[in-house]
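Here is how the chains run, residue by residue.
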Amino acid sequence: MSEQTTRRSVLKTLAGIAGGILAMPAAQTCKAAVQNKLANSPAPPGYDPFKHSWLIALDVDRCIGCGRCVEACIEENNVPESHFRTWIERYVITKPKAGSSEIRGETIVDSPDGGRNGFPEELVPKEDILKSFFVPKLCNLCQSSPCSQVCPVGATFQSPDGVVLVDKSYCIGCGFCVQACPYGCRFINPGTHTADKCSLCYHRITRGLKPACVELCPSQARIFGDLKNPVPDDPLQRFFNNNKVEGLKRNLGTEPRVAYSGLDEEVR
Amino acid sequence: MMNASLVTNVMEALPQIQGYVYPNEQTLHPLWSVLIVVYPYITGLVAGAFIMASLVRVFQVKALDPTYRLALLTALAFLLCAPLPLLFHLGHPERCFEIMLTPHFSSPMAMFGFVYAWYLMAVLLLELWFDYRRDFVQWSLTEPGYRGIIYRAFTLGVTDLSEPALRLDARMGRVISIVGIPSAFLLHGYVGFIFGSIKANPWWGNVLMPIIFILSAIVSGMALCVFVYMVLCWARRIAADIRCLDLMTTFLFYALVLDVSIEGLDWMHRLYSAEEGIDVLRSLASSKLFYTLLIGQACLGTMIPFLLLGATQLFRRRIKELNRRRAYFSSAVLILMGVLAMRWNVVIGGQLFSKSMRGFMSYKMEFAGSEGWLLSIALLVLPFAILIVLVRLFLAPELPTIENVVPGAKSRAKAQEAGH
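Protein chains in written order, with my numbering: chain W, 7 to 274; chain U, 383 to 802.
Everything labelled a hint here was simulated from the structure, so no lab data went into it.
Some hints could be false.
Sample of chain W residues lacking proximity to chain U, with all beta carbon distances greater than 10 Å (derived) [claimed, not checked]:
#, residue
1, R13
2, D67
3, D116
4, I178
As a list, the in silico BS3-like pairs of lysine-lysine whose alpha-carbon atoms are at most 30 Å apart [to be verified]:
#, chain 1, residue 1, chain 2, residue 2
5, W, K57, W, K234
6, U, K581, W, K250
7, W, K216, W, K255
8, U, K670, W, K255
9, W, K250, W, K101
10, W, K174, U, K670
11, W, K216, W, K250
12, U, K702, U, K581
13, W, K255, W, K174
14, W, K174, W, K132
15, W, K234, W, K174
16, W, K255, U, K702
Each residue gets a CB set at the ideal place from its N, CA and C atoms; glycine is no exception.
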């Protein structure tokens, strides 16, 4: 056994190795910063996310629950079976029982197959319904998005143009973001084993098209626009000017950007 | 064909869902399944076993000496298995190193690799090495065959057994142990934070979660030490040191008192403040989690050991030694099961209701497959298998004790001479 080998020298070697290992994240963070600039997104080359601010708004009173948006989204984005990037909820509020002091009865919510095929079945007889309405749901484009906050590798991120995206070539599939999203908008894609969600049809909007759901909506319940580049008589601006708007689950501090008009207190 | 599979899916899913759940939540299995139950359980056992060991090292509780090394080796065996359930659970396990290479610092999970590496490399392995170095040197001289080679490799070439060198070993061991206590808290507190930081989930998002996780970890780890020590003594047909057991279970009892208080406080606060989602949590506790929460965790896993250990504290002199041993062993086993039930209740319970607060999901565990209970049981047995190997290598009764370093060296030299 060599006389020179002492604890000191062994510890020095160990410290050197540890130092090397510790230096790696710093180097990799630099690399990641560069990668972030060139993050894997379906945008075309030359697209500058800093020059846009995409937003979608939902006019609940206009939604007729036809489910064409859900179908369009599934077709456009190849969404796997029984998972949804967007869906429609039907709320049925029944009349209060005769003689009770309640203002309204119970609230029944459903979304058969995400509302993809509309809502053919009646949940309660017509005469018992106090009111009924449809609420389209999708990623709420939170400003303090909990999903991007908790992603351990930064595979999900907020693009400067306001869209929350997932880099599926980077996602490790831990599912933390799915747990963190209060709106149930995320899922693990059984095909890619990575997190999946509404991308506002990023591949379309960055090429000057509307998201598939907006394009197909027959009643203009979904209003889409670019806050940084309003068009003449911009529908999004008009929506905000003419409606009292609200976001979902604002109490959680996620600052959802997606705006709803005409929400009932039962919607969450 | 697609429709047929859809129909079967719906047929299977329908009875398992009550009320309204978001369409993406309508899956047959929770996203974080039984593997993620096993993960915090194993991590907690590591932290608790280490705290047990540090009672000897840092707080100089001499009576616990017989369990010091056993506790450290137990912690090591479980720590080696701690990342496995996570790894098996990932959608892309091959990308797991991204957590350490390009960590996203705002994520509680991103810290796992660092906390784990720190705990394994800088705390547990170093402490074991400083504690064992003297023995390694000696055993490398006395033990023949592959064992000798293993021990020689573990000396890392440092064979200096002079008085100052040994004193330095002891001091370093103590310093690392002192650093190790907050590290153990960090390791498991952070696991609690993974759940506690999810504000979307009222079952998880709770400021007390890391503390509850730490306390239950200490309780389970101490119970594990009692269990392992008693089983080891039984396997070797020697009597477990009753003084040591008495003291171990005293510490276990006080840890349990703290744990019960904080968990009780958590429930009192939840029920009293009755924030959004309390109805969901209440019905969860009384229906889907009735057996694991009220029976498994609260009654069998907490109250009975609490009473048993409390009785042995109060009436130690009046209870016969054999009965005390029985009470200690059954308390340890019950606590181990109770804490497993607690992990189940947190992880699975948090995924049995919709974030819409309007409905419930069910969980039917698979047998085989990556999310099945077979793999989970294998992952729970694996640390014990590793521990058996570690005990055979480093705690074997035939290994010479620390005191006779020089005679050992001489006998090795003699053996060599005889061999030649």
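- Query: Going through the earlier hints one by one, which of them does the structure break, listed in rising order?
  - Reply: Numbers 1, 3, 4, 10, 12, 14, 16, in rising order.
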